[in-house]
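Please build the complex by placing chains B and C on the supplied structure of chain A, with the hints as guidance.
Residue numbers (numbering that gives the first Met the number 0), protein chains in the order written: chain A, 0 to 329; chain B, 0 to 288; chain C, 0 to 261.
Treat each hint with caution, since some may be false.
Mimicking DSBU-like on lysine-lysine, the simulated pairs with C-alpha atoms at most 35 Å apart in a straight line are [as the list claims (entries may be wrong)]:
1) 62(C) <-> 174(B)
2) 175(A) <-> 247(C)
3) 175(A) <-> 251(C)
Keep in mind the hints are simulated off the structure, nothing from the lab.
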Amino acid sequence: MSAAAPLLDIRGLRIDLPTGAGSATAVHRVDLALAAGEAAALVGESGSGKSLTARSVLRLLPPGAEVHGELRFAGESVPGMSRTRLREFRAGEVAMVFQDPRAHINPARSVGDFLVEGLTAARGVPVREARRRVEAVLQEVGIPDAERRMRQRPGELSGGLLQRVMIAAALAAEPKLLLADEPTTALDVTTQEEVMAIVTEAREARGLAMLFITHDLELAAAVCDRVVVMYAGSTVEELPSGALHHGAAHPYTRALLASRPSVGDTASGLRAIAGRPLSGFEVPAGCSFAPRCPRARDACRTDTPLLRAAGTGTSACHYPHITEEAEQRA
Amino acid sequence: MSTAPAPVLPSAGRTPPVRRRRLDTATLAAAAVVGVFVLLALFGPLLAPHDPNAVDPLGVNAGSSAGHLLGTDDTGRDILSRILCGARASMAAPALVVLVSTAAGTALALCAAWFGGWTDRLVSGALDVVFGFPGLIMAVLAAAVFGPGLAAPVIALSIAYLPLVTRVVRAAALKERSLPYVSALGLLGASTPRIWLRHLLPNLAPLILVQATIGFGYALLDVAAVSFIGLGSQPPAPEWGLMVSNGAPGILTGQPQQSLYAGLMIVVLVIAVNLLGSGLSRRLPGGAA
Amino acid sequence: MLEVRNLRKTFGDFVAVDDVAFRLEVGGSLAVVGESGSGKTTTARMIAGLEQPTAGSIAVAGKERGPGRPRGAGRRARAREIQMVFQDPYSSLDRRQRVRDAVAEAVRLHRPLRGPALAARVDELLDLVGVDERQAGSLPRALSGGQRQRVAIARALAAEPQVLILDEAVAALDVSIQAQILNLLAHIRTTTGTTLLFITHDLGVVPHICDEVLVMRSGQVVESGPVPSVLREPQHDYTRRLVASVPKPGWKPRRRAQPPAA
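Just chain A, same shape as in the assembly (with noise of 0.2 Å):
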């Protein structure tokens, strides 16, 4: 990390969601820092509460939504902001984009107004001066007719498309971070990977940070410059990008690599996890991954264990993977 103030400082996050009786935790312990310009992934299957701590940037949590821990974004407290602060935050400094884009656009009015509205309204931009900025950003993001597409509904336009708008009016706004929730896992691969290298170049040109939410470890490690892997709703291990093939030292991420099935793969099995993700809701007393763990101990099924050094990168484990050449790197 930079000796500079983070962008996003994210301290002990934990989030409890009311239930029918009483709240429930969530995410229990979130730990990450992005500094500007700088993009990582949180990696995680469903139920590890990576979409709830992207969303908890934004304050877009459930209602009834109990946020503790640090949250800061260029120094400012996210939980203090006041209403108008907010709007000013959320309109301006942090983007974000969905991984159903129909949800989060007006199915009954123009891509067009729907663009130009959003710097007119929330930033005061003048009309003229918008339309010339989405249509800018619009040749930016690979959709060259962008007189005709705006004059089209959302209905009109395929998935891939319509993905490309929510970005263009993400990167319209100027913000200082992108929130992307799994915005490619809706796609088709060859989209995915315009809609990526879209990203990416955008994010390149304007020094734009980005916080990847995914599924898809293979995808995160492309591109962004760390990846932070999520586990029953806490940061299990945070490392280099680079150092993922070779340095992941939790036993969960070490998994996560040996199951996903890849088109270089011979016909042999994969190495499955047993057992099933767990969600926060249901973590048990010490590591929550212990269960499923094949290297857990009896410390692992009491103590809880906390992100330290290990390797490359740090990881929440008692007993981590340490590799020869990982150490040798670090």
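What follows is chains B and C alone, placed relative to chain A:
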């Protein structure tokens, strides 16, 4: 986008472990009231303190007293006894309407949803035509043509209520039919009757029950209205709609008790049934929270 | 085992599947790979009999599958030819039926078993797919996606089909669960000799349970052949593009073409 901060629930994360929604107090109270009315329909005559048709020329239009808790009507009959004995007649006719329209409507809906194509077009087209005729007018018309009594209005209302049931059940059956488990059963070689009776109907039953409950409220009002205008139950039968009508002149002369109490029974039951229906519908999958 | 010839499906003017043909040997395993709109699912549904082909023929073990839904014994005989597992584990099971009952219902359609003999066969199937006693007594809502998919596989196997179609059967599952189900399918293939037809959008899962692959685009087959050669030396531009789009170590996303018209 960030510019449109819609508070959406997390999509990927699991929802917290919420216990199965319980029925709220209003729905439970409504169910209790409906239960009491059902008991009245079953045992009303046993509870009646007097013969409901015994006239008393000396005690007409009496107010409440120890002998006549709710007073007497214009011929001196005990209003409480007439309300208790009338419960069955007042509720049986609308119940019959709901039973017939729900059974027939469900069958039509399943056929339309399952076979699709021209069956669906025929059923939907015919029901659109029926939907054009208001139930009450058809019931009145039927009574006028076939003579007074409840038989003709009940048949007319049963037909008039068909579209309501059929439309809702058809839409749900279409959705259910498109689920892969139904395809899987077909591929396994399960017969159509088996799929309908063992799988589709049990899954649609809660919705059908809710529809029937709501329909009962409407039917109760419609049957009472037919009796009120003199085309349904005939005097001296103790029926609530008829009693409201009989007691109407009394309202002007300061003896509203007959219309008031009979009307109150109708209103309370309709409100309870509607509350119960909407309470139950909230528990349906996809129902409002 | 399975032979498909000149299969075609049109919806109005739209051609969803155009002249698809392939042969699948006994005990073989074929992957049909394609992106959305490729016609892969329509092809699978036609083969299963859930969709009527506009033209073409489908034969299982040399026996032509006629149109329409046969009655009685004919219907059950057809069920023993082909079974299918669907993508969405959440609606693949009747939500009111306990897992054990769902499998028992499928078994009884095909074997005249009752009492302990029926229970033994149900246990055998649930054992094969790795569903334990407690889960067997639960309603689907108490099970995770992976467990439900196991039950759906057990139910399909109850008919002892010659061909099992898996329509994106692991697409909705978590990565760690995907691996479990893929291993299970490979195990089932070796122990029961069932012929597999695996419909997927994900090239990564193909090498693990398939020998042959067929790549579809816009309703047509663009390339087919043994898995190792197609994935390592794809001949068609589209296959090459598809293989190149899959994230892998050292991969970086690149813009390759203009966006498609929509």
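These are the hints, each one checked on the structure:
With a C-alpha separation of about 34 Å, the suggested pairing of residue 62(C) with residue 174(B) holds against the 35 Å cut-off. For a cut-off of 35 Å, the pair hint linking residue 175(A) to residue 247(C) stands: about 29 Å separates their Cα positions. A threshold of 35 Å between alpha carbons decides the hint, and for residue 175(A) with residue 251(C) the separation of about 23 Å falls inside it, so the pair holds.
Violation of the numbered hints given earlier is absent; every hint is satisfied by the structure.
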